[in-house]
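Asks: Sequence:
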Amino acid sequence: MTGCGHLASLRIPDVDVNPLWEPPWPLIEPGDFDPDKHLDVYGPGEGRLLASLAGHNLCLNHFGDLTETEEAAHGYYHGEAPNLPWTVFEQKADADEAKLDYGLDLPDAQMRFRRILCIRPGESTLYLSER
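Sequence positions in the sequence shown follow my numbering and run 1 to 131.
Please note that the accuracy of each hint is not assured.
Simulated restraints, written as ranges between beta carbons of each label pair [said to hold, decoys possible]:
| no. | residue 1 | residue 2 | range |
| --- | --- | --- | --- |
| 1 | Asp101 | Thr69 | 19 to 25 angstroms |
| 2 | Asp36 | Ala93 | 14 to 20 angstroms |
| 3 | Pro24 | Ala72 | 16 to 22 angstroms |
| 4 | Glu97 | His74 | 38 to 44 angstroms |
| 5 | Gly43 | Arg131 | 30 to 36 angstroms |
| 6 | Arg114 | Glu71 | 15 to 21 angstroms |
| 7 | Ile116 | Thr69 | 17 to 23 angstroms |
| 8 | Arg114 | Pro24 | 20 to 26 angstroms |
| 9 | Arg131 | Leu20 | 36 to 42 angstroms |
| 10 | Arg120 | Asp65 | 37 to 43 angstroms |
| 11 | Gln91 | Glu22 | 22 to 28 angstroms |
| 12 | Ala93 | Glu130 | 32 to 38 angstroms |
Note that these hints are calculated values from the structure, not bench results.
Predicted model, so just to flag it, every value in this text is computed and none were measured.
C-beta atoms are modelled at their ideal positions from N, C-alpha and C, and glycine is treated no differently.
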C-alpha cells in the first residue's frame, strides 16, 4: 500500500511467509476512508488508522492517543504519516536492482518525509533509507 507508506509485506518467491503483521480485516487506502461508511467496520477513534494499517507503520509527527480537542478536530492517531496519501516519486526495476522512492508532505508538522527502498538480485537484504 503506497497510500499510507506502510511496509505491508515482505515476501520471498515460493515461500508463503510474511514476517510483518497482517490484520484479519480488509484494508483500504487512507484516502478512501469515510467515517459514515467505515465506522462499523473499523471502529471510532483510531478506526481511520486501522483501516489501512499493516506491517511496519511509521508514526510521524506524534505517537499515541489524541486529546479530546484533537479528536474533535479530526486529528490523526500516530501522526499524519500513516494517515495521509503518499506519492511515488520513482519506481524502477532492472537487472541490477528494484527501487521505490516515495514520501509525503506533513502539513501540520511542516515536514517532508522521503523513503527509498532497494533490493538487489541474489541478496536477502532490503536496503532502506529515510530522510
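Asks: Now, for every hint given, state plainly whether the structure supports it.
Replies: The hints, checked one at a time:
For Asp101 and Thr69, the hinted distance range of 19 to 25 angstroms is not satisfied, since their beta carbons lie about 36 angstroms from each other. Distance hint for Asp36 and Ala93: a CB-CB separation of about 40 angstroms, inconsistent with the stated range 14 to 20 angstroms. The beta-carbon spacing between Pro24 and Ala72, approximately 30 angstroms, falls outside the hinted interval of 16 to 22 angstroms. Distance hint for Glu97 and His74: a CB-CB separation of about 40 angstroms, consistent with the stated range 38 to 44 angstroms.
Between Gly43 and Arg131 the beta carbons are some 34 angstroms apart, a value that agrees with the proposed interval 30 to 36 angstroms. Checked against the hint of 15 to 21 angstroms, the C-beta distance between Arg114 and Glu71 comes to roughly 29 angstroms, which is inconsistent with it. Separated by about 36 angstroms at the C-beta atoms, Ile116 and Thr69 break the suggested range of 17 to 23 angstroms. Here the CB-CB span from Arg114 to Pro24 is close to 31 angstroms, at odds with the stated 20 to 26 angstroms.
Checking the proposed 36 to 42 angstroms range against Arg131 and Leu20 shows it is violated: the Cβ atoms sit about 22 angstroms from each other. A beta carbon spacing of about 40 angstroms between Arg120 and Asp65 agrees with the range 37 to 43 angstroms that was offered as a hint. Checked against the hint of 22 to 28 angstroms, the pair Gln91 and Glu22 passes, with Cβ atoms roughly 23 angstroms apart. Roughly 21 angstroms separates the CB atoms of Ala93 and Glu130, a value that falls outside the hinted 32 to 38 angstroms.
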